[in-house]
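**Q** One-letter residues, chain by chain:
There are 4 protein chains.
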Amino acid sequence: MSNTWGETIRVTLFGESHGTGIGAVIDGLPPGIAIDWERVKKEMARRAPGSSPLATPRREKDSFTVLSGYFNGYTTGTPLAMEIRNENQHSRDYGELKSKMRPGHADYTGYVKYHGYNDYRGGGHFSGRITAPLTFAGAIARQVLEKEGVYVGAHALEVHGIPDRSFNPMGEDRQVLESLDSMRLPVLDREAGQAMEAQILTAQKAGDSTGGIVECILCGLPAGLGDPFFDSLESCMAHMMFSIPAVKGLEFGDGFRFSRLYGSQANDAMHYHDGRVESLSNHNGGLLGGITSGAPVLFRTVVKPTASIGKRQHTVDIEKKEDTLLSVGGRHDPCIVPRAIPVIENAAALVVLDRLLTDRRLSYGK
Amino acid sequence: MSNTWGETIRVTLFGESHGTGIGAVIDGLPPGIAIDWERVKKEMARRAPGSSPLATPRREKDSFTVLSGYFNGYTTGTPLAMEIRNENQHSRDYGELKSKMRPGHADYTGYVKYHGYNDYRGGGHFSGRITAPLTFAGAIARQVLEKEGVYVGAHALEVHGIPDRSFNPMGEDRQVLESLDSMRLPVLDREAGQAMEAQILTAQKAGDSTGGIVECILCGLPAGLGDPFFDSLESCMAHMMFSIPAVKGLEFGDGFRFSRLYGSQANDAMHYHDGRVESLSNHNGGLLGGITSGAPVLFRTVVKPTASIGKRQHTVDIEKKEDTLLSVGGRHDPCIVPRAIPVIENAAALVVLDRLLTDRRLSYGK
Amino acid sequence: MSNTWGETIRVTLFGESHGTGIGAVIDGLPPGIAIDWERVKKEMARRAPGSSPLATPRREKDSFTVLSGYFNGYTTGTPLAMEIRNENQHSRDYGELKSKMRPGHADYTGYVKYHGYNDYRGGGHFSGRITAPLTFAGAIARQVLEKEGVYVGAHALEVHGIPDRSFNPMGEDRQVLESLDSMRLPVLDREAGQAMEAQILTAQKAGDSTGGIVECILCGLPAGLGDPFFDSLESCMAHMMFSIPAVKGLEFGDGFRFSRLYGSQANDAMHYHDGRVESLSNHNGGLLGGITSGAPVLFRTVVKPTASIGKRQHTVDIEKKEDTLLSVGGRHDPCIVPRAIPVIENAAALVVLDRLLTDRRLSYGK
Amino acid sequence: MSNTWGETIRVTLFGESHGTGIGAVIDGLPPGIAIDWERVKKEMARRAPGSSPLATPRREKDSFTVLSGYFNGYTTGTPLAMEIRNENQHSRDYGELKSKMRPGHADYTGYVKYHGYNDYRGGGHFSGRITAPLTFAGAIARQVLEKEGVYVGAHALEVHGIPDRSFNPMGEDRQVLESLDSMRLPVLDREAGQAMEAQILTAQKAGDSTGGIVECILCGLPAGLGDPFFDSLESCMAHMMFSIPAVKGLEFGDGFRFSRLYGSQANDAMHYHDGRVESLSNHNGGLLGGITSGAPVLFRTVVKPTASIGKRQHTVDIEKKEDTLLSVGGRHDPCIVPRAIPVIENAAALVVLDRLLTDRRLSYGK
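Chains A, B, C and D, in that order, are what the protein sequence lines are.
Each residue of the first sequence is one higher than the one before, starting from 1 at the first, in this note's numbering.
Each residue of the second sequence is one higher than the one before, starting from 1 at the first, in this note's numbering.
Each residue of the third sequence is one higher than the one before, starting from 1 at the first, in this note's numbering.
Each residue of the fourth sequence is one higher than the one before, starting from 1 at the first, in this note's numbering.
Chain A with its partners taken away, still in its complex shape (with noise of 0.2 angstroms):
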């Protein structure tokens, strides 16, 4: 189901870009949670534009309101149904979009599969300002998944080509994780984020835009959780991370370096430890046969530059049907990785939270 995802928490996204609003509604979340919606409004603000030069200057205020699923303060168990109204949205900068497709961008797949239909105005349904309802569900979760142990965080792993340094695939520190959360281009290795940032700046200036990758950690979570098949853990957070715009590819544990290791540098062997059932390395990103080992699940996902650049860029004018040069003008972020990294980090503890539930690992609210 294409705007509906999960298997005990279900959240359907809606809206376009520049239409009336945007929203989602979440099912399945259990009764009686207490949400922190300052801590909500936080992740909506990571995600935000405006926040950072890093990012585009267009200013959505992003202010959500709860329609349903939430009274005295607890959540009720039925579903929690939240919108955003678009403000601030420059239709007038589309007009010539209507026709000139933008390379890399959905224009001219999303015209085709819609028959010119849809609503073109700022990538309409396929704009990455439909992350905000998905970052709000995720926020919800990680705020669930805390309370139970569970930590998550993502850092820029590589900005254009400039490395940050690997997270510990043993595991990270919670106060770590959490410092991150407050940085406007997390990194582990602050140099190597002051490069990162003059290098997004400089392609910004070129009228051009950089890729990167995003690694995320999840830690605190217990042994056993996915299925074999078509619900290994791999397939939940590959299905989610492959929705989130502009992500191209996803590894897990040692990804393609696989491919240069021998079985025995790839296993991961187990001891004894304190009477409990530990993993020596991990090679395979917390996930053997698609289910949680008890190590830290470890995965990178690769963000390709934004495509909407200034730079001339020849393409096709749908309505005259003839070859014609487009130089994409409005606001644009110069690089996506630094709002994508507050969008996977809460959608990866949807889709851990959504697992938890249906293997019944979790007894909360009940």
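No wet-lab data here; the hints were simulated from the structure.
C-beta atoms are modelled at their ideal positions from N, C-alpha and C, and glycine is treated no differently.
Check each hint, because a few of them may be wrong.
Said to hold, decoys possible - Facing chain D, according to a computed beta carbon distance under 8 angstroms, are these residues of chain B, among others:
(1) Arg10
(2) Thr78
(3) Gly275
(4) Val277
To be verified - Not everything, but these chain C residues come out facing chain D in the computed CB check (under 10 angstroms):
(5) Arg102
(6) Met170
(7) Glu172
(8) Thr210
(9) His239
(10) Leu280
Go by the hints and put chains B, C and D onto chain A.
**A** Okay, now just chains B, C and D, sitting in the frame of chain A:
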């Protein structure tokens, strides 16, 4: 749903490696498909063990019985069920493995998930053997696609660091794709293939195993397939690919290389050619906004080294609750790549057929 | 999934009677549908309270805002979301009802299910008010059906033992069905309707309420819709009908009268008429093996008497944990039948449109 | 999904009456269930033909093979697959029926739906025989329920106008329910049963058939099961019941009699008894707002007269495209009620087990 996949075509898998039988129920196939069973058997044989020195010498015949859904030479439109009875299983090989958890396998995670009730013999339901009925389902899908002019092919892009040349992202000839089908290790550059084979056999002699990368291309798809967000074709393909045991990474188009490209390098310019919109390059693997652009769909998966190796490894004995050493005996593939290739190809065909039907772009059987 | 329904069209409902708002997200509508909003409003008005002496005098305006999925006069193909902000709610009417469980209502069962976190005001998510967004969704479906020559109608077949005449199972004229839409208590025999109305008002004066039977017919459906077993059109229609609050029974065609018929009386003979196969009778309500035969689909639902009554009833106080007496104050419908009729009609239209799209019998919007 | 049912437990059915085999895949069963296979066989035998003069003398052995999901005496938690190979099928009985459409059957509707590719022999996938694997799945569910103190029973409430006494809606003794299991026509009043049997045999001698009503009760369910709206327990039960061939009506509690009751008669008063909330009556069949109240769940289905009768009927020859007469030969049940009873009972058990697991009210196997 853990063992059922698909939106319009629903494939349900069942079975354990050493149980009575394995199989699939395929619901939602249109009526009136004339299946070429020899082609199905050929795809099954490509995946089956025992066919090459590169694979385990276990000889599972994988001969299947169709139980329903096929009548007078055509699919009926009702569920097509098939089973493969298990034979030639050396269950005695697995006695030790009831309690000694093989590193890199699902032995421990499955034990935890199923509270010790899982059939541990040969990996049980986690066995790569469960890809046999999936290959069966995909082999039918592939036939339907070919009648629509859609061709799929895959090759070993890399084995333990030895590279093959890449597919041309703008498309490969049907003949090239078909020639891959008859190779025991499908490659575009036969010399690279020989070097890969030598590398695999060297690892095998050392009691070890190797991993690799499989590249897959789908040519001839129409533009407009897939959905924004949760049913992006990337999400659906990823859900399937990460269901295949040993797959740990997936990238579309330029994939992780996007991290080092500028937007002006990553965008695919478009133009009119013979009155139709075409891409001038294919960095995005034929997918924009999760929807096909008409360019070939191109992706790569990384397959980790076989977890079962002869070399001694540290692990736990779950019954004695103590640390132990384990050398996995029995007959195992030194590299999964050769047998993963037909699985990936046919599974990809299944994903695409499901989308063609869901998006009502295929009138077959009506 | 408790608040999402449908296979190709997915309707997600949210909201509580006295919360901020209620609404629906409708995913899977084809692009290019030109919606007649006046007709949608008319169906909403038929269901809305305050319009007749037979219904509660509560005046819920039920004015809706479309948030997404509609652009330049047509559906876009992406989710169509709508909301109705709650107004004119007398929450004070419900103070006592926080702890005193109304007999016949979901007060106690909802309290148990949601561990006391449910919004109890006005029945919360169990309120009949949640049928407003369902009616909205159905009113769109109905318009699409009418363009395909499919007409739906419903009437009060019985109110508290007073019968109307039945629909002709071989089909009713479109004009007859349309004339029902403008009646405050739709009936075929206006005298029967007057007697029903008198009966309802008599019960109301006594602080009591009445039930009834709604008969619904769908004319113009092609043969071949539906599936054997779990997606029989009977199953799908039943799933929807039993979702509507107060519906406690459903029968197709001759329904419970089949118990007194011989096979030779119950079977519908067929013949050729103008080269097409037609039924000579319609005991089976247009459905054989769960699939439409081409004869009208005909069914009846029983609607129980409104549970909220002024008469004193024995019940429990869940906070004081003691027995108590309760006379439900506030404004309530003395009979739900008049307002259930448009809900049933439009919900039935939704079921049928979903099947037409799922079975690819409708090319609308493509 | 037409041949897969369930939220937590997913049952996928396959097979045609005269194909190679029929069966089921049951996914989502908790691990660690010790199945009493003799009880499963007993339920299968109750449904099987050939066991009584009231049923068809066809002797389908219905002996099943478990293919997967069961190991060392317990369910494994992975899909439990079973198959029944078809034997003793007199396909020659059906030659004429390839083109002559049996009135009251799915012959014509299936022909249209599947464009003539359906297996017409013995009704193919529409055959009542497909209820054998459903009964198998339900028989396992029933065992799990009984360990939780939940008991299910059903009887013939009416056959062709001859009534049995009704279940006590406040509950029936376990012994009474168990005694029904061993009767070839389960009834509470044995004299009524004898009259029903005589009536069935009379109809049979006349080349005709009879219908009836099956009443089913589930005792011992906790309060709080089910969901508002689309997963009301009524909706879920209805979805299942209308999947069973020949079922044309369903009512809960007082059902269609609600149409003649006042609210003050229809509401079930509550009181405290031994510190627990109890209903003082059970007009609502144990369900309020779609959720169990703790009172027994009580419902009735109407089963139409067997469509296959010896009497000559008018119908069409779909190949010759002309009208014809048909007397259905072969061996057929003169009344489906006796064999429908175990199907309904076990299917109801399946619905309830799925809800117990989905609502996390059952800790079995964990």
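**Q** List in ascending order the numbers of the hints, as given earlier, that are violated by the structure.
**A** 3, 4, 6 and 7
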